[in-house]
Amino acid sequence: MLLSVQDIHVYYGAIHAVKGVSFDVDKGEIVTLIGANGAGKSTVLNTVSGLLHPRSGSILFQDESIVSVAPNKIVGRGLAQCPEGRRIFAQMTVEENLEMGAYTRPASSIEQNIAHVYDLFPRLKERRRQIGGTLSGGEQQMLAMGRALMSEPKLLMLDEPSMGLAPILVEQIFAIIDELHASGSTILLVEQNAQMALQVADRAYVMESGQITLSGTGSELLNSDSIKKAYLGG
Amino acid sequence: MKQTNTSIRIPMPVRYLINAALIVLLWFILSSLMRSGAITNYWTGIIIMIGINIILAVSLNVATGYLGQLPLGHAGFMAVGAYAGGIFMRAVPVQEFLRAGNAGASVPYILIALLISALTAGIFGLIIGIPALRLRGDYLAIITLGFGEIIRVVLTNIDSVLGFDFTFGSAGLKRIPKYSSFTLVFICVVLTCFIIHTVMKSRHGRAILSIRENEIASESVGVNTTYYKTFAFVLSAMLAGVAGCLYAGYIGSLYPSTFKFMKSIEILVMVVLGGMGSMLGSVLSATVLTVLPELLRSVADYRMVAYSLALVIMMIFRPKGLMGSYDFSLSHLLEKGLCAVRLLFGRKSSEKKGESRE
Ligand SMILES: Nc1ncnc2c1ncn2[C@@H]1O[C@H](COP(=O)(O)OP(=O)(O)O)[C@@H](O)[C@H]1O
Ligand SMILES: [Mg+2]
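In order, the protein sequence lines correspond to chains R and Y. Take the first sequence: its position 168, counted from the start at 1, is 168 in the working numbering, and no numbers get skipped. Remember, the working numbering sits 234 above the position in the second sequence when you count from 1.
No lab work stands behind these hints: they were computed from the structure. Keep in mind the model is a prediction, meaning the values are calculated, not measured. Just to be clear, a hint being listed does not mean it is correct.
[Stated by the list, open to error] Using 20 Å as the maximum straight-line C-alpha spacing, the simulated EDC-like pairs for lysine to aspartate or glutamate come out as follows: (1) Y:Lys435 <-> R:Asp119; (2) R:Lys73 <-> R:Glu179; (3) Y:Lys435 <-> R:Glu96; (4) R:Lys73 <-> Y:Asp393; (5) R:Lys125 <-> R:Glu152; (6) Y:Lys497 <-> Y:Glu449; (7) Y:Lys435 <-> R:Glu95; (8) Y:Lys494 <-> Y:Asp393.
[To be verified] Quick list of simulated restraints, FRET-style, between CB atoms: (9) Y:Gly558 <-> R:Met163: 28 to 36 Å; (10) Y:Met246 <-> R:Gln112: 23 to 31 Å; (11) Y:Leu360 <-> R:Gly13: 42 to 50 Å.
[Claimed, not checked] Now the stretches of chain Y that chain R is said to cover, found in silico as 3 or more residues with beta-carbon under 8 Å: (12) 432–444; (13) 495–507.
The C-beta atom is built at its ideal place from N, Cα and C for all residues, glycine as well.
My request is simple: use the sequences and hints to build the entire structure.
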C-alpha cells in the first residue's frame with residue numbers, strides 16, 4: 001500500500017468532524033472520496049497532508065507513519081496536496097508559481113518538470129509570464145494542479161478540482177486526471193461531482209457526516225441504486 | 235523591435251561592481267562635502283537620521299511588505315537595541331577614546347555594540363514573534379502594539395522596581411558616547427539593504443513572499459511557514475535593533491518616551507507611503523519624511539495632520555504606495571539606457587538580429 005489510513009478521528013475543538021475513517025490507496029490507482037458538502041472530505045485530506053492531527057488512528061505512507069510529521073516534510077516525502085479553492089500565489093507569474101511547486105526539489109529538476117507540466121497544460125505555457133491572479137478560474141485550477149505536480153509526487157491529492165468551474169472546463173480537468181492516471185500517477189481525488197469522479201476512479205469511498213458509508217470500484221458505485229438516488233440525480 | 239528592450243543584459247558580477255562603485259562614489263561625495271563644510275553639521279545630523287530611518291523602514295518592510303503581516307511594535311525593537319547598545323557603550327572606555335580623538339580604538343566596541351543590539355532585539359523578536367505570529371491581521375497588530383508598549387513601560391520602571399541604575403527610567407540614559415558617525419551609519423544602511431536584498435532574492439525570500447501571497451498554498455508546496463514567518467520577523471527586529479544602536483550613538487541620551495506607539499506608526503507610514511514590499515520606496519519615503527519635518531519646522535504642530543493627509547491622498551491616488559512593489563536597480567536602469575542608445579544608433583544591426591530570430 002502506498003497510503004493506508006486506519007480508523008482516524010479528527011476534531012475541530014469539540015466538533016467531531018471525522019469519525020473513524022479507514023481507506024487505502026495502492027500505487028497507480030485513482031481513489032476517490034465522494035460526499036456532500038460538509039461530509040468531512042477536506043478534513044481527511046488535510047489530516048493526511050499534516051495540516052490537521054488525528055486524535056486517534058494511524059496514517060502510513062510508504063509503510064511509515066506520518067501522523068506526527070510536519071506538513072513541509074510530508075511534501076518532501078512525495079505526498080502533494082492541491083488544496084481546495086485554487087490557492088495560487090496571486091502576484092507571482094505562472095512560471096514562478098510552478099517554480100514554487102518544486103520548493104522541496106533540487107533546482108536541477110525544475111526545467112524538466114516545467115516542460116512536463118506545459119505538456120499537460122498547453123494553456124499554462126501560453127500564459128507563462130502572466131500574473132497568477134489574473135488567470136481565469138479554470139486556468140487557476142490548472143496552475144494549482146501543475147504546481148502540485150512540480151514536486152514529482154508519489155501520491156497527488158486533489159481537493160475538489162472541479163469546484164465552481166463551467167461544465168466544459170470540468171471535462172477538461174477530468175481528462176487531464178485521466179491522462180495522469182494513464183501515465184502511472186497515483187491520485188487521491190476528493191469530489192462532490194460524483195458522476196465525473198466515479199467515471200475516472202478505480203475505487204471509490206462514499207463519505208457521510210464524518211464516516212465512510214459505502215465503498216467499491218468506480219463502476220460498481222456508478223451503478224449502485226443508493227448512489228444513483230443520493231448523488232447522481234436518479 | 236520590442237525584443238530589443240531585453241536584449242542587453244549586464245552580467246551579474248558586473249552589476250554588483252557597478253552598484254558597489256556607485257555606493258562608494260556617493261559616500262565619497264557626501265563625506266567630502268561634510269569635511270569641506272559645504273554640508274553643515276546640522277545637515278550632517280539630518281543625513282544620519284535619514285540613514286537610521288532608512289534602516290527602520292526597510293527592516294519593517296520585511297515584516298509588512300514581504301511577509302505581509304502588520305506589526306505595530308517596531309519602535310519597541312528599536313528601543314531594545316538602543317538601550318542595549320547604549321548601556322554597553324557607557325560601560326566600556328569608548329568615551330575616552332573618542333575624546334582623545336582615537337576613533338580607531340573604539341571600532342571593535344562599536345561592532346560589539348551593534349552585535350549586542352541586534353541580538354537582544356532579535357531575542358525579543360523571537361519571544362514576541364512566536365506567539366504573535368500564530369495570529370494574523372488585526373490580532374497580530376494589536377498584540378505587537380501591546381508588546382511594544384510593554385517594552386517601553388518596562389524601560390521606564392525597571393530601575394525603581396529592581397532598585398538599581400540600569401535604564402535610569404524616565405530621567406533618561408544620558409552621556410552615551412557619540413559613536414554614530416556618518417560613515418558608520420552609511421555602512422550600516424548599505425549592509426542592511428544588501429542583507430535584505432540578498433535574502434529576498436534567495437530561496438528563503440521566495441518562501442517568505444509565498445506566505446504573503448497565500449499561506450495555505452505555501453504550506454501545500456512544502457514551505458515551513460512557521461519557521462519562515464518567525465525568521466522574517468526576527469530579521470526585521472534585529473535590524474531595528476541596529477537602527478536603535480545607531481540612534482543611541484547619535485543622540486547620546488535615551489528616554490523611554492521616544493519609543494512610543496507613535497514612533498512605530500511613523501515608521502509604518504514610511505513603509506506604506508513608499509509602497510509595501512519596495513525597498514526603494516522605503517528608502518525614498520524615509521528620506522522625504524525625515525527631511526520634510528525639518529524644513530517645515532515652523533508648522534511642526536501640524537506634522538501629524540500632514541501625515542494623515544499624505545496617507546489619505548496616497549490611498550486615493552496611489553493605493554499601492556509611491557513605488558508599488560516595484561524595485562529598481564541601477565544596473566537595470568543602465569541596461570535600459572544602453573538599449574536606448576542602441577536603438578538610436580544601431581537600428582540596422584538590431585533589425586537584422588530581429589529578423590534572424592524569426
Ligand atoms: N476550521 C473548522 N472549524 C470548525 N469546524 C470545521 C472547520 N472546518 C470544517 N469544519 C466542519 O467539519 C465538517 C467537515 O468539513 P469539511 O471537511 O470541510 O467537509 P467537506 O470537505 O466534505 O465539504 C463540517 O461540518 C464543517 O462544518
Ligand atoms: Mg471540502
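How the hints compare with the structure:
1. Y:Lys435 <-> R:Asp119: violated, 29 Å
2. R:Lys73 <-> R:Glu179: Status violated; Cα separation ~28 Å.
3. Y:Lys435 <-> R:Glu96: holds, 13 Å
4. R:Lys73 <-> Y:Asp393: Roughly 47 Å between the alpha carbons, so the hint for Lys73 of chain R and Asp393 of chain Y is violated.
5. R:Lys125 <-> R:Glu152: holds, 19 Å
6. Y:Lys497 <-> Y:Glu449: Outside the cut-off at roughly 30 Å; violated.
7. Y:Lys435 <-> R:Glu95: Satisfied, since the Cα-Cα distance of roughly 16 Å is no more than 20 Å.
8. Y:Lys494 <-> Y:Asp393: holds, 19 Å
9. Y:Gly558 <-> R:Met163: 28 to 36 Å: holds, 32 Å
10. Y:Met246 <-> R:Gln112: 23 to 31 Å: holds, 24 Å
11. Y:Leu360 <-> R:Gly13: 42 to 50 Å: violated, 28 Å
12. 432–444: Holds: 5 residues of the stretch 432–444 of chain Y have a Cβ under 8 Å from chain R.
13. 495–507: violated (count 0)
When the structure is compared with the earlier hints, violations turn up for hints 1, 2, 4, 6, 11 and 13 and for no others.
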